[in-house]
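Construct the entire structure; sequences and hints are all you get.
Following our numbering, the numbering of the sequence shown begins with 1 at its first residue and continues without gaps.
Honestly, the hints are just simulated from the structure, not real lab data. One or more hints might be untrue.
As the list claims (entries may be wrong) - Within a straight-line C-alpha distance of at most 30 Å, the following computed DSS-like cross-link-like pairs (lysine-lysine) qualify:
hint : residue 1 : residue 2
1    : Lys97     : Lys17
2    : Lys97     : Lys169
3    : Lys34     : Lys17
4    : Lys102    : Lys17
5    : Lys34     : Lys169
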Amino acid sequence: MFFDIILLLIGFIVIIKSSDILVDAASSLALKLKVPKMLIALTIVAFGTCAPEVAISFQSVSAGNGAIAFGNVVGSCIVNILLIIGLASFIHPIRVKHATIKKELPLLSIVTSVFSILMLDRVFNPLTRSSFSRADALILMLLFLMFVLYLVQMLFRRDSNDTEDVRIKYPPVVSALLLLGSIILIALSSDLIVDSAQNIARAMHISEKIITMFVIVVGTSLPEMIMTITSASKGEFDMAIGNIIGTNIFNICIVLGLPILIYGDIPLIGFGLIDIGMVFLSSTLLFIFARSERVINKKESIVMLVIFALYYIYLLF
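Laid out in C-alpha cells, this is it:
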C-alpha cells in the first residue's frame with residue numbers, strides 16, 4: 001500500500017506538470033498558426049485528454065461489459081461540467097466569448113440533448129428493453145460529422161484576439177512535440193493514478209461501487225480537470241471551456257458511439273431518469289451560466305458543485 005501511495009503522488013506530480021506544459025504548448029501553436037485557440041482546445045487538447053475514456057470504452061464494450069463504458073461516459077459528462085468547470089470557475093471566474101455562447105455551447109447542447117433522448121427507450125415504450133443500439137450510435141456519429149464540419153469552418157476563421165503581438169513561448173516544432181509528449185504523459189499518469197487509487201481503496205476494503213464512482217469516473221477525468229483548472233488560472237479561458245466542450249462531444253459521439261457501432265448493442269442496466277436528467281442538466285446549466293454576463297462566476301460555480309455533490313450522495317444511497 002505504501003508503494004501505491006508513492007506511485008499515486010508521482011502520478012499527480014506528472015499530470016499537473018504535463019498539463020501546465022500542454023496549455024503553454026497549445027497556446028503557442030495556436031498563436032503561431034494564427035488559428036483560434038478554441039480550435040486547438042476543441043480538437044488536439046480535448047481528444048488527447050480523452051485517452052483514458054477511449055481505452056476503457058473499447059475494452060469494456062469489446063468484452064461485452066458495455067455498462068462500464070456507458071457509465072464512464074455518462075459520469076464523465078457530468079463530472080466534466082459540474083465538478084471540473086465548477087472547481088475551475090471557483091478558483092478563477094471563467095470568461096466566455098460571445099462566439100462560444102453562439103456556436104460551441106449550442107453544439108454541445110444539441111449533442112447532449114439528442115444523447116439524452118436516445119437513452120429514453122422505456123419512456124417512449126415501457127415494454128421495450130432499454131438499450132443503446134447501432135442505430136443510436138449511427139445518429140451520434142452523424143452529430144460528430146456535424147461537429148467536424150464546424151471545426152473545418154473554424155479553421156479558416158481568423159480571430160484577432162488570438163493573433164495579436166503576444167509573446168510566443170515555444171516555436172511550432174517544439175510546441176507540436178511538447179503537445180504530443182504531454183498528452184502521452186497525461187494519459188500514462190492518469191492510468192497510474194487510477195490503478196494506484198484502486199489498489200489503495202481495495203487495501204482499505206472500500207466497496208467496488210465507491211471505487212467505480214470515484215476512482216474510475218473521476219480518475220479518468222483527471223486530465224480534463226488539471227488541464228481546465230490550469231488553463232483558467234493562466235487566463236486561457238478558451239482552452240478551459242473549449243477542452244470541456246470538445247471532450248464531452250468526443251465522449252458521447254466517439255468514445256461511446258464508435259465502439260457500439262463496431263461491436264453492437266449494449267443494454268442500459270442501472271441507468272434511470274435521474275442519471276439522464278443530470279447529463280442534460282449539466283450542459284444546460286453551463287449554457288445558462290455562460291450567457292449571464294459571459295462569465296461563470298464563483299456563485300454559479302458553487303451551484304454546480306452543490307448539484308454535483310447532491311447527485312453523488314444520491315448515488316451512494
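So, going through the hints one by one against the coordinates:
1. With a CA separation close to 27 Å, the supplied pair Lys97 and Lys17 stays within the 30 Å bound.
2. For a cut-off of 30 Å, the pair hint linking Lys97 to Lys169 stands: about 24 Å separates their Cα positions.
3. Taking the CA atoms of Lys34 and Lys17, the gap is about 26 Å. The hint holds against a cut of 30 Å.
4. Annotation: proposed proximity of Lys102 to Lys17 is violated, straight-line Cα distance about 33 Å (limit 30 Å).
5. Under the criterion of a C-alpha separation no larger than 30 Å, the hint pairing Lys34 with Lys169 is consistent with the structure, at around 14 Å.
Violated hint for the displayed structure: number 4, the only one.
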